[in-house]
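Colleague: Okay, here's what each chain looks like letter by letter:
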Amino acid sequence: MNLFTRKRNKNAESTVFLDMNRKQKRYEALVHVYSPDLYRYAYWICHDPDIAQDLVQETCLRAWKSLDSLLDDKSAKGWLFTILRRENARRFERKQLPMVDIDDHEVAGQYDSSKEMENEFLRRKISALPSEYKEPLLMQLIAGFTAEEIAIQLDLNKNTVLTRLFRAKNLLKSSLTSVTKENGEAHG
Amino acid sequence: MDDILFRHTAIATPNDKGDDFLQRQAEAEQDKALVNEAKQFDLDLQSVLKVDLPEDLAEKILLEQSFAVENKKTLNNRWHMAIAASIAFIIGISLPLLNNLNSLPLDIGTVAMQHVQQEYYFTAKIDEQASRTAVNAKLASYGGKVQGDLGNVFFVNYCSFEGTPALHMIMQGEKGRITVFVVPDDAGFIETPVFNNQHLKGLTEKMGNANVVIVGEKDEPLEKMHLKLQKNIQWNI
Numbered sequence: 001m002n003l004f005t006r007k008r009n010k011n012a013e014s015t016v017f018l019d020m021n022r023k024q025k026r027y028e029a030l031v032h033v034y035s036p037d038l039y040r041y042a043y044w045i046c047h048d049p050d051i052a053q054d055l056v057q058e059t060c061l062r063a064w065k066s067l068d069s070l071l072d073d074k075s076a077k078g079w080l081f082t083i084l085r086r087e088n089a090r091r092f093e094r095k096q097l098p099m100v101d102i103d104d105h106e107v108a109g110q111y112d113s114s115k116e117m118e119n120e121f122l123r124r125k126i127s128a129l130p131s132e133y134k135e136p137l138l139m140q141l142i143a144g145f146t147a148e149e150i151a152i153q154l155d156l157n158k159n160t161v162l163t164r165l166f167r168a169k170n171l172l173k174s175s176l177t178s179v180t181k182e183n184g185e186a187h188g
Numbered sequence: 001m002d003d004i005l006f007r008h009t010a011i012a013t014p015n016d017k018g019d020d021f022l023q024r025q026a027e028a029e030q031d032k033a034l035v036n037e038a039k040q041f042d043l044d045l046q047s048v049l050k051v052d053l054p055e056d057l058a059e060k061i062l063l064e065q066s067f068a069v070e071n072k073k074t075l076n077n078r079w080h081m082a083i084a085a086s087i088a089f090i091i092g093i094s095l096p097l098l099n100n101l102n103s104l105p106l107d108i109g110t111v112a113m114q115h116v117q118q119e120y121y122f123t124a125k126i127d128e129q130a131s132r133t134a135v136n137a138k139l140a141s142y143g144g145k146v147q148g149d150l151g152n153v154f155f156v157n158y159c160s161f162e163g164t165p166a167l168h169m170i171m172q173g174e175k176g177r178i179t180v181f182v183v184p185d186d187a188g189f190i191e192t193p194v195f196n197n198q199h200l201k202g203l204t205e206k207m208g209n210a211n212v213v214i215v216g217e218k219d220e221p222l223e224k225m226h227l228k229l230q231k232n233i234q235w236n237i
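Taken in order, these protein sequences are the chains called X and L. Under this note's numbering, the residues of the first sequence are numbered 1 to 188, in order. Under this note's numbering, the residues of the second sequence are numbered 1 to 237, in order.
Simulated from the structure, these hints should not be mistaken for laboratory data. Glycine included, each C-beta is placed from N, C-alpha and C at the ideal position. Please note: incorrect hints may appear among the correct ones.
Quick look at which bits of chain X chain L covers, simulated, 3 or more residues with Cβ under 8 Å [as the list claims (entries may be wrong)]:
1) 36-44
2) 67-75
3) 136-144
4) 168-175
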């Protein structure tokens with residue numbers, strides 16, 4: 001009898017330990033796989049490397065606390081981005097932080113190639129996009145979500161998402177061509 | 001798939017795998033070129049969006065998490081400590097109450113007999129030949145004064161009568177020694193007019209503001225002592 005209980009206790013203890021271990025492993029894997037995407041997404045919605053990093057930290061911490069509620073690992077990415085967007089919204093609830101204009105610290109010096117120049121203009125235009133266009137774009141190009149997934153996460157119609165993606169890219173493209181045209185004229 | 005929808009799809013989601021969309025690309029060269037151009041634009045945007053990551057981002061996140069886990073542990077400990085402290089506090093508060101409850105039903109006779117038995121060997125031999133002055137000096141605080149002769153008083157002193165300060169006298173009886181206690185009547189004992197056990201017997205009488213308890217051995221005529229005390233001690237009321 002004594003032997004039995006001892007054995008059972010030992011088993012129970014080691015399963016708890018295993019569970020803890022498994023949770024930690026799962027969490028570490030999630031962080032390694034998704035933190036780059038989360039960071040870049042955060043960076044483009046808040047335009048500040050430090051705030052972006054804080055946002056990702058907070059997102060991951062919150063994820064750790066409720067990791068048990070994540071049943072399916074396939075939905076992990078969407079879950080994490082939802083937490084990130086909520087954290088960002090909370091940041092604005094707390095206090096309205098002054099938006100750092102990306103031009104202030106991103107533009108520095110001369111660009112030696114036209115490709116570099118073009119990228120710089122793209123960067124500025126992306127930052128300047130209205131958030132209803134920017135968010136679907138970032139979710140598609142940084143996180144790799146499909147239009148359906150974006151629609152679910154942002155609680156939008158799929159067609160609305162497609163339209164916004166289309167408009168966002170068109171805006172970026174047209175500004176790019178007008179810039180190069182202006183450039184051409186200026187030099188011509 | 002019409003032109004507008006095709007164009008929209010090509011720009012918005014150039015990697016779409018829908019049959020209609022793929023079919024149009026296969027049929028017309030210029031449609032395929034449009035899609036390829038859109039794909040290239042997506043790649044360009046992606047490379048622009050790919051900003052440098054902070055150094056050791058993942059490690060920093062994991063570090064933060066380990067701090068949080070530690071914090072939670074210490075918080076949990078604190079919680080346990082708080083509970084433990086509360087329980088200790090409650091026990092500390094309630095023990096004296098329990099003691100009071102236990103001590104409430106004590107009756108004066110039982111306490112007196114216990115007291116006498118515990119000190120039996122000590123009181124059997126003692127003889128300090130206490131004078132009337134000595135008795136009066138101590139009796140005064142209970143509001144009594146010896147007027148006549150009490151006979152031999154072997155011992156007179158204060159004692160702890162189950163926590164209550166009482167006067168303890170040992171006197172000469174007819175057959176043996178008699179113990180007399182003077183217990184303040186506000187001590188809250190149950191008053192038992194007469195009492196006895198295997199070896200001892202006794203009686204209690206209220207005199208002044210005190211209970212006088214007389215305890216002797218079985219064959220001792222306590223009434224005589226009782227009368228002697230009544231006659232020779234005057235009590236303030």
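Colleague: Under 8 Å between beta-carbons, do enough residues of the stretch 136-144 of chain X, three at least, approach chain L for the coverage claim to hold?
Modeller: holds (count 5)
Colleague: Confirm or reject the coverage of the stretch 168-175 of chain X by chain L under the rule of 3 or more residues with a beta carbon closer than 8 Å to the chain's beta carbons.
Modeller: Our answer is that it holds, as 4 residues pass the Cβ test (under 8 Å) against chain L, meeting three.
Colleague: Cut-off 8 Å, C-beta pairs, minimum 3 residues; does the coverage of the stretch 67-75 of chain X by chain L stand?
Modeller: violated (count 0)
Colleague: Verify this for me: three or more residues of the stretch 36-44 of chain X with a beta carbon less than 8 Å from a beta carbon of chain L.
Modeller: With 5 residues in contact (Cβ-Cβ under 8 Å with chain L), the coverage given for the stretch 36-44 of chain X holds.
When the structure is compared with the earlier hints, a violation turns up for hint 2 alone.
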